[in-house]
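**Student:** Chains A and B, in that order, give the protein sequences. The first sequence begins at 1 in the working numbering and counts up by one. The second sequence begins at 1 in the working numbering and counts up by one.
Among the hints, a few may not be true.
[Said to hold, decoys possible] Keeping only pairs whose Cα atoms sit at most 27 Å apart, straight-line, the calculated BS3-like set for lysine-lysine is: (1) B/K2 <-> B/K56; (2) B/K2 <-> A/K40; (3) B/K42 <-> B/K56; (4) B/K67 <-> B/K56; (5) A/K41 <-> B/K67; (6) B/K2 <-> B/K67; (7) B/K42 <-> A/K38; (8) A/K40 <-> B/K42; (9) A/K9 <-> B/K42; (10) B/K42 <-> A/K22; (11) B/K70 <-> B/K2; (12) A/K38 <-> B/K67; (13) A/K40 <-> A/K53; (14) A/K18 <-> A/K53; (15) A/K9 <-> A/K38; (16) A/K41 <-> A/K19; (17) B/K56 <-> B/K70; (18) A/K41 <-> B/K42; (19) B/K70 <-> A/K40; (20) B/K70 <-> A/K41; (21) B/K42 <-> A/K19; (22) B/K42 <-> A/K18; (23) A/K41 <-> B/K2; (24) A/K9 <-> A/K41; (25) A/K40 <-> A/K19.
[As the list claims (entries may be wrong)] In silico contact screen, one side only, chain A against chain B (beta carbon under 8 Å); selected entries: (26) A31; (27) L45; (28) M46; (29) V48; (30) S86.
If you are wondering where the hints come from, they were derived from the structure by calculation, not from laboratory data. For each residue, glycine too, the CB sits at the ideal point set by N, CA and C.
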Amino acid sequence: DTEVTQTPKHLVMGMTNKKSLKCEQHMGHRAMYWYKQKAKKPPELMFVYSYEKLSINESVPSRFSPECPNSSLLNLHLHALQPEDSALYLCAGGRGGSERAFFGQGTRLTVV
Amino acid sequence: QKEVEQDPGPLSVPEGAIVSLNCTYSNSAFQYFMWYRQYSRKGPELLMYTYSSGNKEDGRFTAQVDKSSKYISLFIRDSQPSDSATYLCAIQTSGSRLTFGEGTQLTVNP
């Protein structure tokens, strides 16, 4: 069982679509993360929320828009994506001063 | 120089072998070190977490940190086919930022 739940597991969207990825955790993580992972590559950090405030934005294009409605939820809004944005999008929660991260199973996104 | 370096392999071993996976890092100020296991098409799973030099053991897994050499290792004893996965080292490099190595793809052959 994972402490972090992501929906949907799979998503196919056209370049003109708007969609959202959702992430939920109930373990009291104070930090939540979005990572992007391409095939055979390590996860790349996109955004970090700390206490529901955006603390790190890794110069991600504006077609990706994060949102943290409360301490349990994290969304990633997608608009006008490109085929090269196809990847596994991972949400993670962190707890403790060390911020070790616990990952969800990811959303596999395909942009057509 | 990359902050975290890991040999991507691939690494193939027979069942029962001892596996050694390694990463080096650039900044002696880094304190928190993690190993993740990732099966194909799944999210990374936290295996081991250490914050000091020395060894930490959990079942068949041992994590080792050598801060003087800026070198971390993961050893898997009595490797099983179910251990076949990609192993990623990760280091907290600043604030809430985790930086990953490239990952080593491991295959354990029956």
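**Student:** Determine for every hint whether it applies to the structure shown.
**Tutor:** Evaluated hints:
no., hint, in the structure
1, B/K2 <-> B/K56, "holds (26 Å)"
2, B/K2 <-> A/K40, "holds (18 Å)"
3, B/K42 <-> B/K56, "holds (26 Å)"
4, B/K67 <-> B/K56, "holds (14 Å)"
5, A/K41 <-> B/K67, "holds (26 Å)"
6, B/K2 <-> B/K67, "holds (17 Å)"
7, B/K42 <-> A/K38, "holds (12 Å)"
8, A/K40 <-> B/K42, "holds (12 Å)"
9, A/K9 <-> B/K42, "holds (10 Å)"
10, B/K42 <-> A/K22, "holds (16 Å)"
11, B/K70 <-> B/K2, "holds (13 Å)"
12, A/K38 <-> B/K67, "violated (31 Å)"
13, A/K40 <-> A/K53, "violated (31 Å)"
14, A/K18 <-> A/K53, "holds (23 Å)"
15, A/K9 <-> A/K38, "holds (16 Å)"
16, A/K41 <-> A/K19, "holds (24 Å)"
17, B/K56 <-> B/K70, "holds (17 Å)"
18, A/K41 <-> B/K42, "holds (13 Å)"
19, B/K70 <-> A/K40, "holds (25 Å)"
20, B/K70 <-> A/K41, "holds (23 Å)"
21, B/K42 <-> A/K19, "holds (21 Å)"
22, B/K42 <-> A/K18, "holds (25 Å)"
23, A/K41 <-> B/K2, "holds (15 Å)"
24, A/K9 <-> A/K41, "holds (19 Å)"
25, A/K40 <-> A/K19, "holds (25 Å)"
26, A31, "holds (5 Å)"
27, L45, "holds (6 Å)"
28, M46, "violated (12 Å)"
29, V48, "holds (5 Å)"
30, S86, "violated (14 Å)"
In this structure, the hints that do not hold are numbers 12, 13, 28, 30, in rising order.
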